[in-house]
Structure formats: C-alpha cells, structure tokens
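Engineer: Dock the two chains into a complex; use the hints.
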Amino acid sequence: MSVLAQIFRPGMRHALPILVFLLGGFAAPLLAVIAFSFVPSRTFSLWSDWSFDNYVEIFNSSSYITFVWSLGLAAATVAILAVICYPVAFGLTRVFGRYATLITLLFTLPLFVSENVRLYGWILIFIKNGVLLGTLKSLFGWEPESIVFTHGLTLMGMVYVYLPFMLFPTTLGVSMVPQQTRDAAFDLGASRWQVFREIDLPLAMPGIVIGFLLTFVLAVGAIAEAKVLGGQQIIPITHDIEIAFTYAQNWPLGAALSVLLMLVVGTLVLIVLRRFDLDAILGRR
Amino acid sequence: MTGRPPILQLRNLTKVFGTFTAVNDVNLDIEEGEFFTIVGPSGSGKTTLLRMLTGMEFATSGDILLRGTRINDLPANKRPTCMVFQSLALFPHRTVGQNIEFSLKIKGIDPATRKRRALELMRQLRLPEDYYGKNVTKCSGGERQRVALARALAYEPDILFFDEPLSAIDYKLRKTLEKELKDIHRETGKTFIYITHSLEEAMVMSDRIGVMRAGRLVQVGSPQEIYSAPQTKFVSEFIGDVNVIAVTANGAGGVHAAEFGVSFKAPPAPAGFSAGHLVVRPESLRFVAGRSEAENVLEGRVYNEYALGSRIQYQVRVGEHVFIVEKLRQQAFGGHRDDAVLIGWDASDSILVTD
Chain E
1 MSVLAQIFRP GMRHALPILV FLLGGFAAPL LAVIAFSFVP SRTFSLWSDW
51 SFDNYVEIFN SSSYITFVWS LGLAAATVAI LAVICYPVAF GLTRVFGRYA
101 TLITLLFTLP LFVSENVRLY GWILIFIKNG VLLGTLKSLF GWEPESIVFT
151 HGLTLMGMVY VYLPFMLFPT TLGVSMVPQQ TRDAAFDLGA SRWQVFREID
201 LPLAMPGIVI GFLLTFVLAV GAIAEAKVLG GQQIIPITHD IEIAFTYAQN
251 WPLGAALSVL LMLVVGTLVL IVLRRFDLDA ILGRR
Chain S
1001 MTGRPPILQL RNLTKVFGTF TAVNDVNLDI EEGEFFTIVG PSGSGKTTLL
1051 RMLTGMEFAT SGDILLRGTR INDLPANKRP TCMVFQSLAL FPHRTVGQNI
1101 EFSLKIKGID PATRKRRALE LMRQLRLPED YYGKNVTKCS GGERQRVALA
1151 RALAYEPDIL FFDEPLSAID YKLRKTLEKE LKDIHRETGK TFIYITHSLE
1201 EAMVMSDRIG VMRAGRLVQV GSPQEIYSAP QTKFVSEFIG DVNVIAVTAN
1251 GAGGVHAAEF GVSFKAPPAP AGFSAGHLVV RPESLRFVAG RSEAENVLEG
1301 RVYNEYALGS RIQYQVRVGE HVFIVEKLRQ QAFGGHRDDA VLIGWDASDS
1351 ILVTD
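Residue numbers (the working numbering), protein chains in the order written: chain E, 1 to 285; chain S, 1001 to 1355.
Bound conformation, chain S alone (with noise of 0.2 angstroms):
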C-alpha cells in the first residue's frame, strides 16, 4: 500500500436491525483516489454499509470518520459525498441537462454555468452534445449510466458510492463500462467505493476488495491477494469454480484428506492451523502420466467435458469428488468421457484456508 492519508475510516461500525446484525463491527481505512470495492453475496450486508456511509442508513455504533471529522449522523444532503444507485435513479421528468444540473440548481448556481459545467461533463463523460435537451427515458442503457454518473460528478462529492449500478446490464456493455469506469476513475482522481455481488467485476476495476460475509468484512486486499491468497473457504470459493479439499494437519508438514485416506504435501500453513481446506484451482491442475510427474496425485474418471471459449473444462470424479479441470483450447486433454486419468498438482499451486 501507498501510504496516502485515509480519507473515509470505518471504526467498529455497526448497523442492527431488530435482533438482525446486518453490519457487525466493520473496521477500514479507505484511502484518498482509491477505487474500492466492497463484494459479498446478497444479504451479506454489503447495501446497508453503503447505506450507512452514504448517509441513507445511520449506524448502531461505531464510527465513521471523513478525513479524520466524525460524520456518523450527517444526513445524505450535507454530506460531500455521492451515490450511483443501482436502479440509476435517474428523474424520468427531466432532460439528460436537468439531470445533470440538479445539484448544481439545488446549491443556486446561475443557469449559464451550470450549462457550462453539464456540457464539460458530457464532454467527458462522451456523451453527444446534442443530448443535453434530450428526454433521459429516451437514452439506451450505457448512456443513462453515463448520465447517472456525470449527474453524481456534477456534485462534486469527495467521494463516489456505487450500488451495483451495472447489474441489470447485458454481459458485453458491462465488460465495455466496467473498463469505462475504472479509467473515468483514473482521469477524476476520485475515491471510487463500489458494491457487487461479482468478484470478476471487482477483480477488472478494483485498487483493493474488501470480502464481506454476514455483515463482517472477512478479508481485505487487491486483486491479487484474494486471488491467490484467499484466506477462508468462502473468500476462494468467491471467486468461482474451484476444487476444495477438507483436510487436517499431520503434523509432518503435509496434511491429510480423510476422504481419500491420503495425505498431501501442501504449502506452509498459517500459524495454529488444525483443520481447514486445501484450495486448488481448476487451471493448477493437470492431467499427469505417471505418479512422480506432480507432488499430489489421484486417479479419477472423466466424467465429462465443457467448452468455455478459449478454455476447456472437464469434470473428474476421484470416487464421490468432482473435480475441475481447465485447460486452454490449444493444450486440450485428448482422453475421452469414462477414461480412467490421473490427475496432479505441486504443493505451491494450492492454498490452505481455514473455514
């Protein structure tokens, strides 16, 4: 990490609805241009923190501190911050201008700057010219999201909140937005703190990721951390198919897999660990010819196999286990569905991880 100043702090934050914890005592310290990124599961608490720091929702206990000032019960409208809901929330009785404008209208600024300033956003934003006068429900998809955007920059807010704003977007425009967003982050320079279910939407955009579950933040780190060092099962499983193994230790440095009444070398494991999971990604694992060609090996049966576009997909079943195997197109397994395999991987290609 960098080392800028925070400039949102989350101390012990909590939000209690009723007898449900739907935030149980969150800790961050967000820094100043940081494009965060805050994922869970749906009903992990991930809107209701954002709620919270945005100022919709206020907290139980704890704090959150805005540049070092306590801002826990600012209402939304005075705080200097600003959210991209996920509906958009665009005022359908408006023009694409008068969205853009509204907070400038609202703080009373004359009506030629705020032109100015909408068609300086546009600009960036590339959105047409000639869109300023046009009906907002009468824009596709991609441009009222970039009309949701410039109308949040408009505010000028200190920081941006996004609540899923490119879920209900089809596969191909979100991968186009999500490369948008994150270089409209870049030319902004602004903290950028986003919501979603999705890991791989993260993954693309994200300085830092913040893993909730169950209304606690279970692992921060940039992409790269959780990615190859997730450090729970929920967190490796997160970010999609992946082949989990319960094992124990045993006390020789390996660990052992009761169900298949073998034991397997594995990477160091954290201090105190006693039983956990062995994590071995789909790709990390090969088809092998022999038993010394990879440190762990197991013999299973192809079951059955899937195209992914540039990668191929098998599914071995090593008695009651399935396990997944990825290959690119180019190195395709030539075996067939029932023929007998053997399947490797070196201890520095798996992770262990507690529950």
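Pulled out of the complex, with its shape left as it was, chain E reads as follows (with noise of 0.2 angstroms):
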C-alpha cells in the first residue's frame, strides 16, 4: 500500500476533521509558544534569530522563586485534597453504594460560578466585620485578626476551588474496590489498618492518582487564589507569566517561563503515571 492510501484508509478519512482540529487549535498554538520562547527578548516576530537567552534570563533572574512557590502550593493541595477526599469517598461509597460517583457530581455545582466569584466570597465571610469576624464581633464581643491575604487562606481557597477534582475521581476508585475483597482480607486475620494498606488502598490507587495529576496539573496554573485571596503575598508563576504577555510586552520571557513549567509539570506526571503504570492497573478490571 502506497503512503497515499494509507492515509485515505476510511479509518484515516474520518479521522482527518478532529485531526485537523487538533493540529489547529491544540499543536499550532503550543508550537508557537515554544518557538517564541527562543526569539530575542521584547520582540514579536518569529523570524529573527534563535536563542537560548531568554532561558538564560531566567535561570539568572529570581523567578525559581515563583515556580517554588507555584509548585510547593500545589503540592501542599494535593496532600490536604487527598487527606480530605479519601474518608469522604469511602463514607459516600458506603452509604450511597454505586449511586456515589453521582453524588460526587453535586459536588462540581460550585463549578457553575465564577471562580472570582467565589473567591470573592470568601473574602466576604473572612474579611474585618464580615461575616465571620462581624459576626464573633458582635456576639462575644472578640476580635481576632483578619486572616485575608494571607498564605493560609490561599492555600485553603486552593483546597476549596478544586476539591471537585478530587473527589470524584477519588470515589470512583473507592466505589471500584469489592465489599468482599475487604470481607475476605478482615476474614483472613487482617486488622483493620491491615485491610486498609493491603487493599483498599492498593486497588483504589488508580482513582486517586488521576485525581492527583488532575489537581496538581490545575493547582499548578492557578492564579486567582493567590490574587484574591492571597492579597499578592504570594506569587505564583502564571502570574510571572500573566505579567511578561500583559504589563511587560515581553512575550518571548512569557513563552520560555510557560515552557519550562510545562517541562517541570509533565515530567512530574511522566513520572507518576510510570510508577503507577495506570494502564496495567486499569486493564486488569
């Protein structure tokens, strides 16, 4: 079979529009980002001389900073997540049977409003004389500090904004292990703590390590926590990011810091998803 038709096989021929779609508007632009990470610095054209010195730059500058911050902020979610999310999908798993991941749907209605929307929210409940702090005010009469644009409360809009993420992927794992494997390890001796490492873990993994990767890959990029809530004490890379394309008109050091965190990103989820080998554990089903 000549190339030529190997590519009009009908299986290629039907293929061809979401092909095309995705070359257009999911490889164009990522090709484009990293060709502009390596033109000169503070220009628009692609066409100009090739270079590292926009990664130079960076590696000189203070930026690990902000990419420290971005991913220790990230981690720190999905350690909490992970902590929140497991004892929440085995209640719901117990109580709602198969009906769990449903419920866990209820979950992502937040999801509906803005995410600005709810951050500002927050900052309504914890703000001075807002709802919580006026609240206490004017009951007991107490007024503890404001805990607004601080580390804690970005850390914990974080948690909030992508519990759904989570969870759900978190209860599908859960709801995936038999009743009866547990029976049968509690029936062979195994305590509880036991039965938990041995195999309510084990066979729930796949579940909560796509959730993992799906919150650290979003904690990664998120930007309006540490905005909002934070109050700009923390800053985090999409911001360095934000600004060189905006204020700075520097969209070749935007594109070189938008590359790197793709690097540090996928080679992290390259290296979980090898440990874990997904599809084994999900093929075996």
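Among the clues, some could well be false.
[Unchecked claim] Computed footprint of chain S on chain E, listed as stretches where at least three residues anywhere in the stretch have a Cβ under 8 angstroms from a Cβ of chain S:
| hint | segment |
| --- | --- |
| 1 | 180-191 |
| 2 | 199-213 |
[Stated by the list, open to error] Calculated from the model, a selection of chain S residues having no Cβ within reach of chain E, i.e. all distances over 10 angstroms:
| hint | residue |
| --- | --- |
| 3 | P1005 |
| 4 | A1214 |
| 5 | S1284 |
| 6 | L1352 |
Rather than coming from a laboratory, the hints here were simulated on the basis of the structure. Idealized CB from N, CA, C, for every residue including glycine.
Structural biologist: Structure follows, in structure tokens:
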C-alpha cells in the first residue's frame, strides 16, 4: 500500500476533521509558544535569531522563587485534598453504594459560578467586620485578626476550588474496590488497618492517582486564589507569565517561562504515571 | 452418626434485621471433620447464618460455641475459621502466590517459609508451580477456585466455610470441582460447612445436609435420609420433580385423596398425622397393564414426553393433575401422546409428609 493510500484509508479519512482541529487548535498554539521562547527578548516576530537567551535570563533571575511557590502550593493542595477526599469518598461509597459517583457530581455544582465570584465570597466571610469576624464581634465582642491576604487563606482557597477534581476520581477509585475483597482480607485475619493498607489503598489507587494528577496540574496553573485571597502575598509562576505577556510586553520571556512550567509538570506527571502504570491497573479490571 | 465430638454448636441462634427475622432459632451440632451443607432457596437465611458463623454478622440472640467456647462476639479476623466467598474475592492486584500467602503475611511469617507453604498448597490443589507469580486475574474459573481454596487453607482454619462458590461456574466444570472439593475434604480432614441452593450439589459432597426454609432449619440428615425420608412437602419438592398428592388420613391405615375421590394405600403415617401430602418420586411410578399390578393405580393420558439424557420423562394427566413418570431409556414406555394409560405405585414407594 502506498503512503497516499495509507492516508486515505476510511479510518484515516474519518479521523481527518478531528485531526485538523487538534493540529490547528491545540498543537499549533503550543508550537508557537515553544518557538516564541527562543526569539530575542521583547520582539514579536518568529523569524529572527533564535537563542537560549530567554532561558538564561530566567535562570539568572529570581523566577525560581515563583516556581517553587507554585509547585509547593500545588503539592500542599494535593496532599490536603487527598487526606480530605479519601474518607469522604469512602463514606459516600458506603452510604450510597454505586450511586456514590453520581452524588459526587453534586460537588461540582459550585463550578457553575465563576471562580472569582466564589473567591470574593470567601473574602466577604473572612474580611474584618465580614460574615465571620463581624458575627464574632457582635455576639462575643471578640475581634481576632483578619486572615485575608495570608498564605494560609490562599491554600484554603485552592483546596476549596480543586476539591471536586480530587473527590470525583477518588470516589470512582474507592467504589471499584469490591466489598467482598475487604471481607475476605478481614476474614483471613487482617486488622482494619491492614485491610486498608493491603486492599483498600492499592485497589483504589488508580482513581486516587488520577485525582492527584488532575488537581496538581490544575493547581500549578492557579492564579486567582493568590490574587484574590492572598493579596499578592504569594506570587505564583502563572502571575509572572501573565505579567510578561501583558504589562511587560515580553512575549518571548513569558513563552520561555511557560515552556519551563510545562517541562517541570510534564516530567512530574510522567514519573507518577511510570510509577503507577495506570494502564496495567485499569486494564486488569 | 459416629459420635465424634461437636466442633461447632449453635444454640437458639437468631438474627433479626428490623422487623425481619432472617435466622430463626437454629439449633445444630456439627461434628469435627464433617462436610455439612446448608441448603435452602434464596432468602431462606442461609447466607445470614453463614455470616454469623464467620463473624461478619453478629447474632441477635442465641449462642455459637466453637469447641465449647462461646465465640458470638469474636470478629471475623479473630476467629480460627475462614470462608471461600461466592465471588471468590481474590485480590486482583496480587499474584496467585501473594493471594495464597496473604494470611501468612498478616501473621508476619518470613517470605521463604511463606513461599514454601504456598507451593505446598498449590501442589496439593494441582496448580502448576509456575503459577506462583501469575496474575490471579489471568487464571481460568477452575484455577481461581483452587487459588481461593488454597488461600483459605493457608490460614489453617479449624472450620472452612463455603458460600456457594460454584454457583457461577458452568455445569461440567462444576461437577468436576464438586468431586475435587470432596477429595480435598478427605485429604485435609478439616470441617467443611458449605452453603448452596442446589440440593443436587449438596447430595454429591455432603456427609450431612441441613435444609433451611424462612430462617428455620427444617430437616437435618444424611443425603440418603433427606432423599428417601423427607419430613415435609417443602423438603421433598426441593430435591427436584416429585409427584405430590394432598391427602387426609382415612382412619383405616390408608389415606384419602379428595382430588381423585379415592383412597390410597400408604406407608405408616407419623404419629398424629391427620392431613398432609403423599409424595411419589417420578422413578417410582410405573406404567401398568391392569389394576392388580400395583397397590395404587390411576388412569390418565400421556400428554408429552421429554428425553433427559439417560432417562425419559413422561407427563401424564389424570384429570387436571399432572404426574411425572421417569423411565430409563432402555425401559422406555412404548406409548404415544394421548394414549390412555394406567400408572401405579406401591405404598412402600411413597412417602407421607406434613406441610
């Protein structure tokens, strides 16, 4: 079969529209960003002398601090969410059985409201004389310091925003653990803790890992929480990228930062996927 | 019975869920080394009873005694008993070897000893040695069955429970595994308590059978006793196709069947018998040429015949009542559909049962 005939097989022909769509809408912008990261600073043409200058500039600056903040916040968010979501998912599965995953979808309802609006809602709760502090003051005459614009509140905001993305896959994972395997392990002498470690956790792992990846990738790209709740106490990498593309009008620098972020996140995701071999775990069912 | 000491004793064991009594006042002694099968239709309480015996459910009242010690409140992981689940409940993320070794790992036994024991059990259950590292989900139905059994045996339980583990397996393999299980029972000498809804399965394997109905243990006996001397209509019908005729005592040592307006000669009635059913097995009914050839004779018409492998079954209608007659193929009845026939049986071939 010639190459042309290969391309015009029926399967290929039918895949063409989506292929064109993906190339134009997904691959091309990504390639443009990567290309821009190699052009000279503050220029807007792709056809100039390509170099690594932007990357050198980043490594000579203090941008790594924002990198660390973003990755650290994302890691902390994922860790806190794992601790919160597993028991919730376990409880939901126990109470609602196979409808648990449907119930979990209710947790996504807040996503219908703009993230900024929801975050400003938290400001109203935590600001001085706001819902929480105002109530404490009028009822008990107690006036604690406001916690808005702190690191802690930024983290809380991220945990709040990304909860559904962790809870849904975790519930899916937990609901895939057959009750009889727990019973069997218990019957074979395992304690509750041993059942959890030997049966529950490994069998729910595919769902938990998907939750990890989903929330981590989203949380690394978070920007609104630090802006709204953190009051610029924390500068995440996304903020640097935004500044480079807007106020600074330095697209090549922004592009280089974006590429670095993609590299770091991509590497971490690959490491995790390699470690857990999702295909093998899921394929066995 | 042989008078071996009982390993398990149930005393007035009862389990109530809300207003529903799942297990009602069960009393039973199970002997050491016995293969005991509890059989009953779905919803008869047999699974609840088993869950109480394994410690996954706790009794509402009554006692469970293991070698004379009350174990009612001991949870499953503290009981020296083990169960093979209906779904087998193998650990899909573990290999055959890791599944079998699970309880040994929990006990903290070193890997070398664990492996030796696992391979020993695999040999005993005719699993190839190279299956040790095989993914358990890649095993066939029969192999998974053996892995589940090996995993339970590795726990070295005093009693091994089975919750219908063969119910999802095709007929031919099930027949093989039933016999294999009985052989393993013999080889290990352990007490097996088995649950099934199939009396046929129970007959093949068991030393004794207990029949459950609506939470109660209605009859306990050897397969032979259950088959030849059922005490109730329920037990007699549970075995399979039987002919049941509603009768009352006629005061002259026989019984009267209002349906046919005749009296039948019957076996000696249980004390105080006034009304019940006369049970005649399909193979005990025969086609006769004249009324003198059997103690009880009815006239009917052949409605249909069915070839059941080695046997042929006939449906004979006497009025509205359908009788089932079974003959071995070589003794096949030469008649045809709608032929008028006489069917008969002797009193000694029939059984009188209560409701």
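Engineer: Each of the hints needs a verdict: does it hold here or not?
Structural biologist: So, going through the hints one by one against the coordinates:
1. 180-191: With 11 residues closer than 8 angstroms to chain S, the segment 180-191 of chain E meets the three-residue bar; holds.
2. 199-213: Satisfied; 3 residues make the cut.
3. P1005: Fine: 25 angstroms to the nearest Cβ keeps P1005/S off the interface.
4. A1214: Label holds. Min Cβ-Cβ 25 angstroms, cutoff 10 angstroms.
5. S1284: holds, 43 angstroms
6. L1352: holds, 43 angstroms
Checked against the numbered hints given earlier, this structure breaks none of them.
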